[in-house]
Amino acid sequence: MRIFPLGDNAVTVEFGNEISLELNRKAIALSEHFESNPFPGFIESVPAYSSTTIFFEPVKVRDAHIGCRTACEAVSLIVETASAEIRDKVETDRATVEIPVIFNSAASLDLDEVCKFAGLDADAVVYTFLKRIYRVFMIGFLPGFAYMGEVDDRIAIARKQSPRLKVPAGSVGIAGKQTGIYPLESPGGWQILGRTELKMFDPNSDPSCPLRPGDRVKFVRA
Amino acid sequence: MSLIVRKPGILTTVQDLGRFGSRRFGINPNGTMDKAAVRAINVALGNDENAAVLEMHFPAPEIEFDLETAFGISGADFGAELDGGPIRNWSTAQAPKGTVLKFRKKALGSRAYLAVRNGLDIEPWLGSRSTNLLANAGGFGRQLAAGDVVQCRESRIDSPISIGPSFSAGYTAVPALRILPSGEYGLLTALSEQVFLSERFTLTNDSNRMGFRLKGPELHLVENKTLVSSAASFGTIQLLPDGQMIILMADHQTAGGYPRIGNIISADLPIAGQLGPGDRVTFKVVSVMEAENALAEFERELSFLKMGVRLKRDVHA
Chain C
1 MRIFPLGDNA
11 VTVEFGNEIS
21 LELNRKAIAL
31 SEHFESNPFP
41 GFIESVPAYS
51 STTIFFEPVK
61 VRDAHIGCRT
71 ACEAVSLIVE
81 TASAEIRDKV
91 ETDRATVEIP
101 VIFNSAASLD
111 LDEVCKFAGL
121 DADAVVYTFL
131 KRIYRVFMIG
141 FLPGFAYMGE
151 VDDRIAIARK
161 QSPRLKVPAG
171 SVGIAGKQTG
181 IYPLESPGGW
191 QILGRTELKM
201 FDPNSDPSCP
211 LRPGDRVKFV
221 RA
Chain U
1 MSLIVRKPGI
11 LTTVQDLGRF
21 GSRRFGINPN
31 GTMDKAAVRA
41 INVALGNDEN
51 AAVLEMHFPA
61 PEIEFDLETA
71 FGISGADFGA
81 ELDGGPIRNW
91 STAQAPKGTV
101 LKFRKKALGS
111 RAYLAVRNGL
121 DIEPWLGSRS
131 TNLLANAGGF
141 GRQLAAGDVV
151 QCRESRIDSP
161 ISIGPSFSAG
171 YTAVPALRIL
181 PSGEYGLLTA
191 LSEQVFLSER
201 FTLTNDSNRM
211 GFRLKGPELH
221 LVENKTLVSS
231 AASFGTIQLL
241 PDGQMIILMA
251 DHQTAGGYPR
261 IGNIISADLP
271 IAGQLGPGDR
281 VTFKVVSVME
291 AENALAEFER
301 ELSFLKMGVR
311 LKRDVHA
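Taken in sequence, the protein lines are chains C and U.
Be aware that the first sequence starts at 1, since it is given in my numbering, and climbs by one per residue.
Be aware that the second sequence starts at 1, since it is given in my numbering, and climbs by one per residue.
It cannot be assumed that every hint is accurate.
Listing some non-contacts, in silico: residues in chain C with all C-beta distances to chain U over 12 Å [said to hold, decoys possible]:
1. Asn-37
2. Pro-58
3. Gly-67
4. Glu-85
5. Asp-88
6. Thr-96
7. Leu-111
8. Asp-121
9. Tyr-127
10. Val-151
11. Lys-160
12. Ser-162
Part of the chain C face toward chain U, derived, beta carbon under 8 Å [claimed, not checked]:
13. Leu-21
14. Glu-44
15. Ala-48
16. Ser-50
17. Ile-66
18. Phe-141
19. Arg-159
20. Leu-184
The set of hints was computed from the structure by calculation and includes no laboratory data.
All values derive from a computational prediction rather than experimental measurement.
From the three backbone atoms N, C-alpha and C, an ideal C-beta is built for every residue, glycine too.
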């Protein structure tokens, strides 16, 4: 585990540098620990693939920990204690969120590419994609954009060489072993397999995004 | 009861100090680029520091006060005029109903703030009135357009307040920004580290609220490290594959996968927030202690300002 400052108001706790279930569980557990047990001066935490970043108000933290030279040092100590506490915690089971996906020529912008890459026909690619249950490793890039994995190696096609200027909202894509859904129309380089009509981000609903880090996702044919 | 946008300016948005608590859902804080300027002018107006303001770029908007309004301008100096009469920057002023605020020329800095007594009357989204241009939510959900009407309340301040020069003292087009080294700083080659600490880097035209693209000598890491995505922050300096850097600013993405060289310290972010294309920066590494002390020093100055404003108001009450 490595802890380093991400500026004077955040520290990143890095459990490793890979896409792995074990490291991601640690990252999410640490983040959830602080969301439910915030320390004075805590702002928020951001879990990622194999790290969690803790944001805080330096002046408040320093005032609350006069024994520490810096707020960064105080938060690092708090993180070390918390990491020991969560080590043996078992991740609570999450419900599996079902996401209906449309596969047709209008929605499946890169299905042909994936078929060529995999040496499979369209039905086989879609079948291979739908067979797995994916984990939401993290949310980032765009509001509500869930990075999920892991995609079957046979269809794990790399990002497009040059990104599309406009990927339609709801597009379901693959980038290597990752899969994700574009919540908004945006430029992007993921290979698009299909499209969902489910809103992955809606500022007017609460919560604004249906997925949370750690959730499981099952794609089904719409 | 409102402000009427007669001309929108190139990028005028409603902002406050930011939206916190939603980064783990990919919703970044947004907020003003220069928080020091906004906190100071809000304090001068007797507002909550987090009251919503307009962030303006140059060419700036033309705004009609549809009601008697106590307001203040801070941040960049765009040569504010009310019905043709000059308005002092970093000061509160009174706008009679029907007067028009214009900005004549860009003298210093890239972002000016218009604050009104009691703040702009905007419905918060996820606890903030800041505009998220990506999500089309918060504030107006977009940049302001001609004809927009921004709600605020009628207000009057009897004794105008001017903020001392300490809040804008750091403004320059060639700042030395203090940074804390981050995750991959130690992977810079010895030569690259020296270049990073001694050369000037120029903001390209591709520099905006999302981030500042820098142009300068290329930097290299000792090993080409591929990183899985992790959180990024306002002020994070990333090294791109072409050896150039980007400084992430207020509208940055919540996560990124580029090597993290360092982060601009909080006390210097307002200075960075005033930069624009063509400005040139140098970097200086400081200790966590120095970064935190600089921030504590700013907080002290702001509390002095707060005290001064309160005293002045009590004297006139």
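Status of the hints after comparison with the structure:
no., hint, verdict
1, Asn-37, "15 Å, holds"
2, Pro-58, "5 Å, violated"
3, Gly-67, "15 Å, holds"
4, Glu-85, "20 Å, holds"
5, Asp-88, "23 Å, holds"
6, Thr-96, "19 Å, holds"
7, Leu-111, "26 Å, holds"
8, Asp-121, "32 Å, holds"
9, Tyr-127, "28 Å, holds"
10, Val-151, "15 Å, holds"
11, Lys-160, "16 Å, holds"
12, Ser-162, "14 Å, holds"
13, Leu-21, "13 Å, violated"
14, Glu-44, "5 Å, holds"
15, Ala-48, "4 Å, holds"
16, Ser-50, "6 Å, holds"
17, Ile-66, "13 Å, violated"
18, Phe-141, "6 Å, holds"
19, Arg-159, "12 Å, violated"
20, Leu-184, "7 Å, holds"
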